[in-house]
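Q: Residue numbers (our numbering), protein chains in the order written: chain U, 388 to 491; chain H, 944 to 1493.
Treat the hints with care, since some could be wrong.
[Claimed, not checked] Restricting the straight-line Cα-Cα distance to at most 20 Å, the calculated cross-link-like pairs of lysine to any residue (SDA-like) are:
#1 Lys487(U) / Asp1233(H)
#2 Lys491(U) / Asn1297(H)
#3 Lys1235(H) / Gln483(U)
#4 Lys1073(H) / Asn390(U)
#5 Lys409(U) / Tyr1396(H)
#6 Lys1235(H) / Ile485(U)
#7 Lys1190(H) / Ser447(U)
#8 Lys409(U) / Lys1190(H)
#9 Lys1398(H) / Leu417(U)
#10 Lys1235(H) / Leu417(U)
#11 Lys1398(H) / Asn398(U)
#12 Lys409(U) / Trp1397(H)
#13 Lys1463(H) / Leu1417(H)
#14 Lys487(U) / Lys1463(H)
[As the list claims (entries may be wrong)] Computed far set for chain H versus chain U, every beta-carbon distance over 10 Å:
#15 Leu1047
#16 Met1130
#17 Pro1189
#18 Asp1274
[Said to hold, decoys possible] Covered by chain U, according to a simulated footprint, are these stretches of chain H (three or more residues, beta-carbon under 8 Å):
#19 1242 to 1256
#20 1421 to 1428
#21 1442 to 1456
#22 1468 to 1479
Since the hints were made in silico from the structure, they are not lab data. Using N, Cα and C, we set each Cβ at its ideal position, and we do this for glycine too.
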Amino acid sequence: MNNENVYRQINADPRFQELVAKRGRFAWGLAIIMLASYFAFILVIAFDPQLLGAPLGAGSVTTWGIPAGLGLIFLSFALTGVYVQRANGEFDRITQEILKEAQK
Amino acid sequence: MLARLLTAAALLAASPAFADALTGDVQKQATNWTAIGMFVVFIIFTMGITKWAAKRNTSTSDYYTAGGSITGFQNGLAIAGDFMSAASFLGISALVFTSGYDGLIYSIGFLVGWPVILFLMAERLRNLGKFTFSDVASYRLGQTPIRVLSAFGSLIVVAFYLIAQMVGAGKLIQLLFGLDYLVAVVMVGVLMVMYVMFGGMLATTWVQIIKAVLLLSGATFMAVMVMYNVGFDFSRLFSEAVALHPKHEAIMSPGGLVSDPISAISLGLALMFGTAGLPHILMRFFTVGDAKEARKSVFYATGFIGYFYILTFIIGFGAILLVMTNPEFKDASGAIVGGTNMVAIHLASAVGGNLFLGFISAVAFATILAVVAGLALAGASAVAHDLYACVIKQGKAKEEDEMKVTKRTTLALGVVAILLGIAFENQNIAFMVGLAFSVAASCNFPILFLSMYWKNLTTRGALIGGAMGLVTALALTILSPTVWVDVLHFEQAIFPYKYPALFAMLASFFGLWFFSITDKSKAADEERARFFPQFIRSQTGLGASGAVAH
């Protein structure tokens, strides 16, 4: 099998171009959500730590920092779950179709 | 105001630069036979696994990547295991114990790199690589120079990480088992060599998985017992801790861990992208069969690591309630017996008695073994696969010869690790894990990332940019307060920030970009042309090395 030809054939497949664009948007979108949330958290700590030190309610000892911190941990887990779900399902299915066709 | 400054200064002095390195003074404790007994059981069991794995190790692929036979779930546990080192378990719970919320900030930094690795790197790595991340970095670039540079980057990271772990192991064993530092360091070195030399990646992975399960179960039990004590009510846990802790309300808000924006961003970058450049972590992506399993591993790893950090947070607060108030765990001067790094261990004794104390101590030691074994394997593969097989033998090395070199390198690494462990016993090693992360973030990661994402990267750019990142990270670490003041005892640091990653990453990316776009050589054009097949393969997995069947 001539790899170079297969590569060209795959590249010419409009489904491949669509997959690359779709997956790229999805992955970068999620990565930006993650980076933005984390650096927002870090910058709040650096510039205005009192914001996270404020109590949740009057008389409460628990501060906003607790849900913010735990929220980031859950967000990390949830976003990886969302990505794996779509990549292992939809994206892999399209990839398999493209590969099958190209290797005929 | 002065009081606040003093508290902040005390906190900075007390909190390790990277909680992944066990620092501070320790005192040798009485010999703990329960702990030693349980540890011996662990050794016998894992040696059995090593023997089983040794029989299956017939090729380099088995040896470096367990033949791609690890499932996503198992690999997720192993990756989590690499992150849940003894020092991070004891160090982060100690940080929560001394300064509360700062411990959570710190642990979040270690976690958030994982989703980004998944979205941007995991599947491309799996599709392009074979044994080491240098395979990916040198995929379309000049084999010899890129492999030499990335092997060098790997070895620096491995060396500093290993020293931190060895010194930590020695100190921990003095504390937990009451054995001598020297005995401990030699024992860790010898066991590490045995796991890696005979059992390869298969044994190393299984040792890591078993330890991860043990550590997660032990920590879960402790957290549940803490919550049981406060009637499973978080607000009661927090309010009782605030009432007891000398810093009171301050433990519920950010303290002095990150004080200025530059340090904050720099630390964040080092933690986030350093993870994506650690050779012993990247290697784990090649132990699974395909991109699907690689993605699943990150999903499970993120879950386990996040869960573990929530547990250590509860454990730290639990220690404020149950250890701080208990005279049994304090010496005559009122300080914690064995130092604050011991609070999780004391808590184990408080909630589970002597038997559970022995269990947690044994697990803590097992943790060190599992982590150093992974490091040794990454170091050995950098030497044997990248330097020997691909550079010296130009890819024409016989498989038996490559295996021989790997085993010899492992042995040599064991000896070096023991010697360095002894040499650094009384040194301040707080900066070492930080340095490892900074080098990983500013040399390994940028080359790897751009080689996959940017068509115009050339060998010259990668070489100069990577070297610029490496040199900047090393130089700024030496000039920073953690080395210049704390280790070399100069009055004033030349570089004011503790973490160099921000500057080193900028230097690296600038070098990569500038020296690539100005590269007009013929070789550079060929390298750019090779981006196309690399791109197709990275997207589809066509031609990727799969689960190898013999």
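Q: Could you work out which earlier hints the structure fails to respect and list their numbers in ascending sequence?
A: 2, 8, 9, 13, 14, 15, 20, 21
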